[in-house]
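Q: So you can see what is in the structure, the chains are spelled out below.
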Amino acid sequence: MIPEGFDYVRPASLDDAISALVDGGEDAKPLAGGHSLLPLMKLRFSAPSILVDLQGLPGLSGIQRENGTLRVGALTRHAELQEAGLGVISETAHKIADQQVRNRGTIGGSLAHGDPASDLPTLLLALDGSVTVQGPDGQRVIEAADLFEDYMSTSLRHGEILTEVRLPALEGFGGAYEKFTRRAEDWAMVGALAVVQGSDGVVSDVRVGLTHMASTPLRASAVEEALRGKPLDAESIAAAAEHAAEGTNPPPDGNATADYKRHLARVMTRRALTRAAGI
Amino acid sequence: MRVTIRVTVNGDERTAEVEPRDLLVHTLRDELGLTGTHVGCDTSSCGACTVHLDGEAVKSCTVLSVQADGHAVTTIEGLSGADGELHPLQTGFWEQHGLQCGFCTPGMIMAAADLLARNANPTEEEIRHGLEGNLCRCTGYHNIVKAVQQAAAVQAPEEVRA
Amino acid sequence: MSSVGTSLKRKEDPRMITGRGNYTDDMTLPGMLHAEFVRSSEAHARITNIDISAAAARPGIIGVFTGEDLADVVAAMPMAWVPPGIEVNTPERWPLVKGEVNHVGDAIALVVGRSRGEVVDAAADVIVDYDPLPAVTDPESALEPGSPLVHEELGTNRSHEWSLGGGDVDAGFAAADVVVERRVVNHRVSGAPIEPRSAIADYRAGELTLWSSTQVPHFVRLFMSIVLGTSEDKVRVVAPDVGGGFGAKLQFCAEEVMVSWASRRLGRPVKWTETRSDHMATCHHGRDQVAYVRMGATREGKITALHVKIIADFGAYFGMLTPTIPSLGAFVMTGVYDIPAVKTDIVGVFTNKCMTDAIRGAGRPEATHMIEVCIDQLAAELDIDRLDLRRRNFIAADSFPHEVAYGIVYDSGNYEGTLARLLEHFDYEEFRAEQARLREQGVYRGIGFSTYTEICGLAPSRVTGPEGFGLQTGLWESAVVRVHPSGAVTVFTGTSGHGQGHDTVFAQLAADKLGVSPEVVEVVHGDTGTGPMGLGTYGSRSMAVGGESIARAADRVAEKCKEIVAHQLEAAPEDIEVADGTFRVRGTEKGMALAEISGIAHVRPELLPEGMEPALEEHAFYDPENFVFPFGAHACEVEVDVETGKVQVTRYLAVDDCGNPLNPMLIDGQVHGGITHGIGQAIYEQIRYDDAGQLVTGSLVDYALPTAAEVPSFVTDRTVTPSPVNSLGVKGIGEAGTIASSAAVVNAVIDALRPLGVGYMNMPCTPLRVWTAIQEAQR
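Residue numbers (our numbering), protein chains in the order written: chain G, 665 to 943; chain U, 8 to 169; chain E, 151 to 929.
Think of the hints as simulated: they come from the structure by calculation, not from any bench.
Even glycine gets a Cβ: it sits at the ideal position worked out from N, Cα and C.
Be aware that a few hints might be false.
[Said to hold, decoys possible] Calculated pairs, DSSO-like style, for lysine-lysine (alpha carbon to alpha carbon, straight line, at most 27 angstroms):
#1 U:153 with E:159
#2 E:712 with E:740
#3 U:153 with G:759
#4 U:153 with E:161
[Stated by the list, open to error] Computed footprint of chain E on chain U, listed as stretches where at least three residues anywhere in the stretch have a Cβ under 8 angstroms from a Cβ of chain E:
#5 43-57
#6 68-76
#7 120-130
Only chain G is shown next, with the shape it has when bound in the complex (with noise of 0.2 angstroms):
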C-alpha cells in the first residue's frame, strides 16, 4: 500500500522535464495520471528512483481536429476523451475502468505503460495512430505499429516523453468497442475493436484491434483481409470473424484459459464488427 521511496520534480518546461529524466538514470519515471504506475508502485511490484511530474507541462491537454487527424495531447484524460462525442474513440475511453480513474488516467501515460490488457493501446493500433515523443535526441513520431514491443514495453527510449497522440478521424466509418469482462470495472478479458467503411454495400476498409490476446495489442489481419472487399453484411462479418484467434497468443490466467479466449475474441470480433457495421 505505501510506495518505496523516491524522489520527485515537478518541471516547468518539457526540456527540464526530459533532462530530469536523464539525470535521474534508469530508474527514472516520468508520471502523468499515475493510473498505470502508482498501483504498481504500491504494490512495490515497480520502485523508480525519481518520478518526474508532467502536470506543469504546458501544450499537452486537449483535442484538436486538423485535416482529418485528431492531434490529442499525451496529458489528456480518458474523461475528456469520453465526452468528447468522438464514436469509438469516446465509447473506449468511458469502457475503461470506472469514472475516478477515467477522471485521473491519461492517453500518454496509458500508451506509454503498453499494458496489453488495457483498451487504449488496442485503439491506437487499430486506427493506424502514431505518438509524438520528445527526448534528448530531439522529436520522432512512432507509428502504432511500432510502438508496442511486448508486454509492458514499448519503443519509447529512456528520457523520452510522449507528447501527443494522432488519430485518424475516420470520417464515414462505423466504429464499435467490445470488451468483454467479469465485472463493469475489470480489465478486458478479451476486447474487440473495429472499424469499418462501406461503399455500395461492400466493405471498402475495415480495421480490427484486440485487447488482451498476446504481450502486445494486436491487429486482427486474417478479418480484415477476409472482410475487405466483401458485402457488409452480417453473413460476411460472421465468416470473417472465425478468423480472429489467428496469430494470436492470449495469455491464460484464473478466469480464462487459451481456448476460450480464442473464442472470445472471435464473438467479440463478430460483434464489434456487427455494431461497427450498423446492423
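Dock chains U and E against chain G, hints included.
A: Then chains U and E, alone, in the frame of chain G:
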C-alpha cells in the same frame, strides 16, 4: 526527501509536509485530520477513498500528495453546507437507508456527486454503471441507487458538484 | 405512538454520511507506534533462519520480534469447541509461527516503529530462510494415503469426524424409487468487509485497552486475558464503528494479540491496520466444503432419505470456531422439508491454506445450497415441477413447533405461505411462456428458486454449551437499561453491531417500553468497559437474543415506573399503562412522564414506595430456550449469454419471514445485502490457490466482489410468523439472504441451460465455467 505542499481542502488553504511517496488519502487522514475518507483496498478497486480533486471524483489512494500540490480537494467533510445543511446526496443516503456500516459511504457519496454532475437525470442503469468503481458489501446497492435517484430528483445539476 | 414496526431513519447515519464516523484506523493516540507483519511467502516450509538485523537497524524502528520472543504469551490461540465424545486434532497456533509456516501469509515476525512507512520498509528487510516442504491444497487429496501432512505431529490431515442423524436411513433409501447423487462443491470465499481489520493497543499502568474492528469485543477480552496471562478486569476491549464484519471479524486474531503484547513490551500504544492483500491472505476464509449428497424419493416425489458426506477444508489451523462450521449446517440439512431419515457425516481436513471459519451464514449457506440445488435435480429426475416437488415435501404449517428427524425443534413456520406470497409477485406461467419465446431468439433465461429455513439466534446455551454441542462458552446475552435523572435513556447491550442498525432499532424497542421517543434513547455497544459481559453479534442473534434481553430489562424498568406512579397517584400498579408518552392510570388523564418518574427516583427517593431502591436502572441476562428459524422463498432470474458463458442476474425476488418486523427498513437492507453476498458467491467470488499453495486471488482485482452494475434492484416482501421462543416474536435476518440466494442463482443458471444439455453444474458460475459446461454438454 520531504516536500511542503499547499492544497485547498474543503475551501481552506492547508499546508502539509509530506514525503513524495505519501498518498493523498494518507495526508488527508493522518496529517490533516480528515478521517472521513477511508482506505478499503490497495489496488484502486473499492473507491472508499474517493474525494474530489478540482471538482472531479478521484481515488485518493492513487494520487500522490505532491500531485495535489496547488489543487483543490473536497472531502466528505466538506460536502455539506457551511451551516451544516446536508447535501441532497447525504439526505438521500439517510432517508433511503443507503448505508449500513458506513465505511464505503463517504466514497460512494463523492462518486455519486460526480455522477450527478455529469448526468443530472441518470437512469437506474446509468447510476449502477456510474458507481462501478465503488464497492459496498452491506447494502447490495439497492438503496444506494434509490438514494442517488432521490438526490437527482431534488437537485438542480449545477448545484450538485461540490 | 409506537415506534416499533416503523421504518425509523437510522440514528447512526448523521455521523457516517458527514465523515464523522469513528473507525479504529481513524484514531491516533499520543506516542502511538505502528506495526507491520512479516508474512510467509511459502505455503509450507521450515524456517531455518530469520535475520532481523537489517530491519532493526532501519530508522524509526523500535523493535522486531519473532516467535522466539513470545515466552510471555502463556497460551496458544484458542479454539472454543470440545464436543463430548469426539476427538478433535487441534494443531497448536501461536500469534507468530515457531519454526514452521503452514500457509502463505502465516505471520513470522512483527516490526514496530514510528510510522507506517518505516515499518513497511523494515518488514521488507527481514530475511527469512525457508526449507520448503511439500504442500497440499485440495482437501480430498489431503485425505489420500501418502499425502503431504500439514502438521507432521498430528500424523494425519484429518481433524475429526462428526455425524448427526435421525430416522432409519437404510430403510429410507430402501423405500426410494429414485436416488439422486450429486457432488456439491461450496467453494472458498472471503468475507471481505470493506473496512480492513485494524487494532490499537494501549497498555499502561498494568491495564490494557484494545480498540479493535471486531464483532466480539467480550470474547476478545476473555481470550486476551488467557493468552497474555492477565485477568479480564485488566483488559478493556472497545469496538468503535466497525466497517462491516460478515463473520470475518468474528475472530480472536493473532494480530490483536501481537499489538497488545507489543504495547505491553514497549510501553507505548501500537496500531496495526491490515492492507487488503493481508486481508485476503490471512483473515479467515469461509465455506470450502465438498458434499457428496444422496437423496432418495418415491416416484410420487416424497423424499424418503438424505445422506450427506461433507469434506470440510479447514485450511492450516483452527480459528475460534473453525471445526464447528459444517456442523451448524448439519442442524438444518433437511431444510424446509419433512424428511424422515437423514444422516450427515462430516470429515474435517487440514490443507496448506488460510484457515476457514464463520463467514455470513457459516454452515447454513452450504446446507441450504446443497439441499436446494439437489431438490431441483430430483425434480428433473422425477419430471415433477420444482415448486410442486417442494410443496409435496414442505413441513406442514400446522405442525409447528416441529421436531425434525435428528431432534432439533423448528419454532414456527409457514413455508407454503412464503412461497404463495412469492408467486403473487412472480407469474411463473408467464415466465415460462416468455422463456420459450426468447429461446427461439437465442436468448437464454432461467428461473431458480430457493425455499429455505435456517437456524439462528445463537444461544441456547443448554444446546450449544459444553454438555451439548460442545462450545466452551454460554451464548446468552445481556442488557442494561439506565434512565438518567432527566429521563434520557441509555441502553447497554452485549451485542456489538457493525452496520445492522442496532443504535436505532434497540432504541425503538426500549423507547416503546418506556413511553419516550427513540431520540432520547442512546444505545451503547461494543465496549467491555461499560455494560455487562455479552457475547457479540453473529449468527443472526442480535435481535432474537440481544433484543429480547433489552426488552426484559426495559420491562423491569417499566414495572418499577408503574409502582412509582401508582404510589404517587394512589392507584394500583396493575392499573398503570404506558400510553401517549406517559405512564397513565388506565381510563384517566392522570399520568406521569418518564422524566418525572426518573426525577423522583433520582432526586426525591424519599417519595418512593417504602423499601424501594433509588434510581432507575435494570439489567437482564437472557438465555433462550431454543433457536429461532427464519425462512422464506426466493426467486432469481438470470440471462445467460450462451456464446460467452456470462451470467447476468436480471430479476431477484425474496419473501422472507423473520417474525415480527421491528424496523422493516432495516430488515429489507439486511436482505438486499445478503442476496448480493450470495449472488457474489454464486457467480463472481472465489478464493483460489494454485497447486503449490500460492494465493492467486489476493486482491479485489482478482477476488470479484459484485459492483452495483452486476445486480438488479430487488423485490422484497415479508410474511409474519412470530417466533414463540421470545416475547418479541422475532427471528434473525442478517444471514438469511445469503443462505437463500446462492442456490436460487445456480438453479436459475441450470434452468437457462437445460435446452443446451447442461443439467447440473457447481458454482461459481463464471463465464469460463458456464461456457465450458455448455461445450461439454454439446460434445
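Q: With reference to the structure, classify each hint as holding or not holding.
A: Do the hints match the structure? See the list:
1. U:153 with E:159: Measuring from Cα to Cα gives roughly 15 angstroms; hence the hint holds.
2. E:712 with E:740: Since the Cα atoms of residue 712 (chain E) and residue 740 (chain E) sit roughly 13 angstroms apart, the hinted pair holds (cutoff 27 angstroms).
3. U:153 with G:759: This hinted pair holds, its Cα atoms lying about 24 angstroms apart.
4. U:153 with E:161: The given pair, whose Cα atoms are some 19 angstroms apart, holds under the 27 angstroms limit.
5. 43-57: holds (count 11)
6. 68-76: violated (count 0)
7. 120-130: violated (count 0)
Checked against the numbered hints given earlier, the structure breaks hints 6 and 7 and satisfies all the rest.
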